[in-house]
Structures are given as structure tokens and as C-alpha cells.
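Construct all of the structure, not just a fragment, from the sequences and the given hints.
Using numbering that gives the first Met the number 0, you'd call the opening residue of the sequence shown number 0 and step up by one each time.
It is possible that part of the hints are untrue.
Simulated crosslink set (PhoX-like; lysine-lysine; CA at most 25 Å straight-line) [stated by the list, open to error]:
1) Lys57 with Lys112
2) Lys147 with Lys47
3) Lys328 with Lys340
4) Lys98 with Lys303
5) Lys147 with Lys186
6) Lys306 with Lys98
7) Lys98 with Lys57
Using C-beta positions, here's what the derived DEER-type ranges look like [as the list claims (entries may be wrong)]:
8) Ala368 with Ala193: 41 to 47 Å
9) Ala311 with Gln184: 55 to 61 Å
10) Asn208 with Glu343: 38 to 44 Å
If you are wondering where the hints come from, they were derived from the structure by calculation, not from laboratory data.
Every residue, glycine too, gets a C-beta built ideally from N, C-alpha and C.
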Amino acid sequence: MQPKILLFIAILASALGAQTSAQMTLATCLQIAFENHPAVQSGGWQIKALEADYRREKAGYFPALSLDGQHQQFFYREYNFRQQGLLLTGDWSAGNWLKNSAASAAQSIEAGKANLSEIRLSLAQRIAGVYFSILQTDLQQQSLDNQKSLLAQHSRIAEALWQSGARTRLDLLQTRAATIALEQQQKENHYRRAEFRNELAVLLNRGANELPVVANFPNHVLADTLTDAQQIFLMLQKQHPGLQSLDFQIRAAQLQRRKISADLLPHVQMWGGYIADGDPTAEGNYGTVGLGVSVPLYHWGQSKFEKEAAAASIRDLEFQRSQLQNELKIIAEKLANEISKLNEIMDLQREQLAISLEAFELAESHYEAGLVTNVEYLDAQQQWQENRLQLQNSQLQQQRQMIEIFLLTGNYPHIAQLQGE
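Okay, structure coming up:
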């Protein structure tokens, strides 16, 4: 059995070695997507629009200046004349400055940035799902390739035993049937892998042929420290972009009431100019300056209704936040339970793998000695490979859960560090 084990290790090492020549990490995929995906670019332009809106609100702290030209024609019984003038007027809304009305727009910018983080999170979750699906098909392919190699060796042994008269041709037919079934699985896995790679290529705005092999995660990612749901929930509560966005939106809605109050404060008007007066009875042309105040009196409840709308918006956002908080509690429980479950399952799978490997070794030696049938040998080999693949898939699934926590908390640098970037 030792040569078979060495052969298996050599095949696996060569497959892994081939991947190291040109690999793309998950962090690299995310970086490319964040730079090129239309949804992210759209979110970036939304922030620019919010920043422009903030500057517009900030400009309201200063008087609005305008230049007014006028022409008047007077017709009296005895004579007529014309009067022309040019006036520079200023209208200053004191409330905008006193109430800091642009503060709401500033919070809207922060809400927009958090919303962009939400867009990135949604995109990152999809990319991570496709990325791990590719890794899973890679594991499946490695397992199938190794199993096919073992079947080829077994076929040569079965043929030699048949030619010597120790075994019947039935063993060869059974082995060939198992090989064909394996090749069918390889074809299915190949096309499934191609579908995932095509999807990843579209998400990264690249051609499928331009994508290198995706890199595996090292086994040290498999930490069992994050099994406390409360700890995970506290992390999500502090760093989840959805909660951050709603917090900023609530603050912006609260500050919107300042703007409503600012509109109720007086406006100060200032003006100055020069009048060309053609009245023959007057003293001629003259200059003028003036100062006035405009006080809002009654707008038929407009400000009241605006405050009611702002209060309703705040309550709506608060309930949205409570709902999202409840969802994050559920997510935290599921993540913690899944990681704990996988920890326990993998302990059993390792024990099962050791048993199936020993059973396969016995089946191989007993087959050559004529103590077991060919079907028993094939079953033992398949069971060993299935157990090994189950353990690898569980490890991959646990890695996926850990990465999900990092994504939900925006810990992208940690993801890069895990793969050596």
C-alpha cells in the first residue's frame, strides 16, 4: 500500500504546485471588483452628488447676491420722464447660519459612504460564494483525478490476476464501469467549474480565459475561537455597514428639523445702487442704500407638516434599524452554530477517514490475496475517497463561515493577510 500512498501524495502535490504558479486570491478578486463593478461606481457617484448637495447647503450660510436693472417711464399731465437704475441686492437667510442647516447634508454624506460599503458587502458576498464554489470543484477534481489514478493501477493488477487465472474477467468489467462512472463525474465537475469561473469573470469584468487559478486558504484559517454568538453579534453591531448607514440616516433626519426651523427665522435684505433720474423737477441722479428684514408669519402649517414628516421618517428608520439588528442576531447565531457544528463534525470525519483508509489498505492487500471481491475493493476505495472529500469540504465550509464574518464586519485587510498579501 505504501507506493499507492506515495503516488497519491505526489499527484496532490503536483496539483497544488501547479496552482501556485499563477493564483488569484480572494482579496485580489474583491479589489478588482470594487474598482470596476458598475454598482460600486454608481455608489461612488451618489456620494459625489451628496457632497455637492452639502456644498450647496453650506453656500446658504452667505448672502445671495443679485444685480437688478430697472427702467420706469412716468407720464404726468404736464410732462413725462424716465428713470433707470442699477441695484446690487443681497438676501441673507440668518437661520441657515444660526441653525447650521448643512449638518443634515453632512450626515447624508456619511450615510452614502456606509451605503457604498453595503454595496461592496453584497458584491463581496457574491464573489466569495463563487470563489469558494470554484475551490470546491477544484477539490472534487483533485479527488476524482486521484481516484482515477488508483483505479488505473487496480485495473492493471486485476488484468494481471485475470491473465494468471486467479480472477475472472468480471473484475475487469466492474473496474472499467467504475472508471467510466468516474469520468462522467469529471465531465460534470469540469462544466460546473467552468460556469463558476465564467460568473467570476463577469463580476470582475474580465474574460474567463484571463482568470488564473484561485488560491486556497491555509489551514490556520480554521480557528474555533468565533463560536460565541454574542461575540459575533457585538462585532456585527459595531461594524456592519447597514447599521452604520441607518445610524447616519437617523442623524440626518434629526438634523433636518434644524433646516425647517431655520426657514422660520428672518431674512435680512441689503441693497445699494445708482438711479439715473430724468425728472426735471428733481435734483437729478442719485445713489441709494437700504436694509430690510423679512419675517415669515404664516405659511398655512407648512413647517408643522414638514416636522411631522421628519418625525415619521425618523421612526421609520429606527424600526428599520431594529429589524436589521434582529436579522444580525439571527445571522450571528447561525454563524456560531455552523462553526461549532463543523468543529465537532470534522473530529468525527477525521476518525472516519482513518478507519476508511485502513479498510482500503486491507481491501487492497486482501484483493491481491483473493480474500475479498472486486466490488468490495471498489467500495472500500470509494468510501475512503468520499470520506477524505467530506473532510476537505467541511474545512472549506468552515473557512467560508469565517470569511463571511470578516466580510460582514468590513475586515477586508484580514482576508488579504490570510492568503499572504
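To see whether the hints hold, each was checked on the structure:
1. A C-alpha spacing of about 19 Å is found between Lys57 and Lys112, which places the hinted pair at or below 25 Å, so the restraint holds.
2. Proposed proximity of Lys147 and Lys47 is contradicted: the alpha carbons are some 57 Å apart, above 25 Å.
3. With a CA separation close to 18 Å, the supplied pair Lys328 and Lys340 stays within the 25 Å bound.
4. Using a Cα cut-off of 25 Å, the hinted pair Lys98 and Lys303 holds, with the two alpha carbons roughly 17 Å apart.
5. Simply put, Lys147 and Lys186 have alpha-carbon atoms about 13 Å apart, close enough for the 25 Å limit, and the pair holds.
6. A distance of roughly 15 Å separates the Cα atoms of Lys306 and Lys98; the hinted pair therefore holds under the 25 Å criterion.
7. Between Lys98 and Lys57 the alpha-carbon distance is near 12 Å, which keeps this suggested pair within the 25 Å criterion.
8. Taking the beta carbon of each, Ala368 and Ala193 are about 43 Å apart, inside 41 to 47 Å as hinted.
9. In this structure the hint that Ala311 and Gln184 lie 55 to 61 Å apart at CB holds, the actual value being about 58 Å.
10. One distance hint, 38 to 44 Å for the beta-carbon pair Asn208 and Glu343, holds here, with the actual separation near 42 Å.
Hint compliance for this structure: hint 2 is the single one not met.
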